[in-house]
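Each protein sequence line maps, in turn, to chains H and A.
For the first sequence, the numbering used here gives the first residue as 226, with consecutive numbering after it.
For the second sequence, the numbering used here gives the first residue as 998, with consecutive numbering after it.
FYI, nobody ran anything at the bench for these hints, they're computed from the structure.
Heads up, some of the hints might be wrong.
[To be verified] Pair by pair, the computed Cβ-Cβ distance ranges are:
id : chain 1 : residue 1 : chain 2 : residue 2 : range
1  : H       : S331      : A       : L1212     : 26 to 32 angstroms
2  : H       : P235      : A       : T1135     : 37 to 43 angstroms
3  : A       : V1351     : H       : T264      : 53 to 59 angstroms
[Unchecked claim] Beyond 12 angstroms from chain H on every Cβ pair, some chain A residues (computed):
id : residue
4  : L1019
5  : G1093
6  : V1317
7  : V1360
Glycine included, each C-beta is placed from N, C-alpha and C at the ideal position.
Spelled out from the first residue to the last, the chains are:
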Amino acid sequence: MSELFSRPLPKLIAVVGLQVLILLSVIGFRQYTLMTRDTVLLVLQTTDPQAIAGPDSAPVRYEISTVDVSTLPGDDEFMHSIYVELGETEDGTWQPLALHSTRHRSYDNTAMIKGDYIYAGGSLGRQRYTVVYGIEDVYVPDDAAASLPSGSGHTIAVEVKVDRYGQSEPVRFVVDGEPYPLEER
Amino acid sequence: MEEKSYVERLAHDVAVWQREGLITAEQERAILSRIGAGEPRLIGALRMGWLVTAVSLIGALVLAGGVVLLFASQWREMPDWFRTAVVFAGMFAAYGGGYLLMYRYGMERVGAALLLLGVLLFEAGLYLFADIYGLPLTTANDEQPAPQYLLLAAIGTLPLAYAFGSRIVLLFGIANFILSAIFWLIARYVDTEKTDSVLIVIGLLGVSLYAVGHLHALRATWEKFGEVYLFAGTVVTLSLVYVFTFDEPWRAIIDDGIESYAAPPLVYVSLAVAAALVAAQWAARPRDVEANAETGILAALLTVAAVVATWPAWTGYAVVFNGVFFAAAAGFVTRGYLCGDERYVNFGLLLVAVGVLTRYVDVFWSLLANSAFFIIGGVLLLAVAFGLERLRRTLVARMEVGVGPSDDAQPRAAVPHPGAAP
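Generate coordinates for the entire structure from the input sequences, incorporating the hints supplied.
Encoded structure:
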């Protein structure tokens, strides 16, 4: 065996094989993070299902698109990104529990979603931020939009997969508990 | 390959000796004839070996930089599978080409440069894969590069360096390892009261690398790698000592309210590992003045690190570390003088110049008007340069005429020198 690895070609194959394994481990780890993603249900601010119908509809706004630093625990200053720690409520939707400037969590059994923030103003001790998560450009395709209910007063949510790094991917709409297909612009 | 490398090195060295008047032109030709290189064209070809190495290494670096820039600008427009295939294809082409040039066509220098290119593409591939597959490239606070990719790069690089005897690849691997340790420490202890004390771990890493360098000398096939570890250990340790010559870190420790005995266990574990390595290299080396002196210096550094880690809140440490820094500079000059090696003298004098300039800027920047600062600084620098040049010339002249204690010293096969390890 040692004689084999004293020749240059087997040595090169062994070393390059190790490097290939290392590179593949990066892909493997990504697959692991995809398999262990949390599924969260994020409620939209609009209650009119027609607001999400078709590719020409406006980008959606989630309830967590606006966060209030003064009422949520955690950090109150942020550098590059904002990490919103989400907890599941009794009705199955997910609401913010804390805000962080890093990927650290404060509670057990929570999910973390990462977003870019813009200072949205504050008054009377309140500090609000508008947060963009990159899952706003979504809509119900035309063929399914015809079956959406009309009028306001509906609960509209998006089922979203979030990984351990807070990266999110929208999966489908849920309107009054009924699933609807989702497409991204 | 080793013998060829020796012949090329000798051809280069005798040219320098002849230029400096140490040997005559006839003696130069006689030496070259003795090694079978009497023909002028052959001599020229041999001396070109260094040029080929330099050009091919620069070529590998430039090519790798170009590939990364290309990926950075066009990357997101390509599909994932294509990007993945491009990374692997680039690596395989570089390694395959390097192997063929080295072992089929006898072009070791360009072949070695292609191996380096393969290593660079491997590390670039780690970051590109992380980017392709949506893994974070920074630490949890989004401020430092993620240390795991640097560590993986080191793990993938070091075996190649040993397998093919490449010191520049080894240096590249060690640099990755050191950077991963630094970024991991910062990420692990960021914004905690222990942030400052874990800096000592970096210094202990430098001492450990230095000791590992001497341990490499025990095995003939690894001896040439020892120089790289000694070089890396020296640079890391001196860099940290330099940082600690300033007042600011010590004032920050006091302002942060860091108390005695607050250093995390990691500091003491690192201290124990470094001490064990220093003891091991001392036990394994022949007992001579150089080994004893070096071990004494390393032990003193470890003692200072232990004291600082345990009782960190004292601004006087800045003075202590200034003493350590200038003592190190004096040590290099002394060693160069004793070994008859001009490179140590130059490096030691460079440290003196950096130390003096730093203290001048540190002390007088806020005290003097800008114009006075630069005028006095310029005059001071010229005076320091004049003094250092006189000292250097005196030392080098004494070394050349054999007045120094190096008369009876035998040339050392693996004397590490700061600045030429790769």
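Going through the earlier hints one by one, which of them does the structure break, listed in rising order? 1, 5
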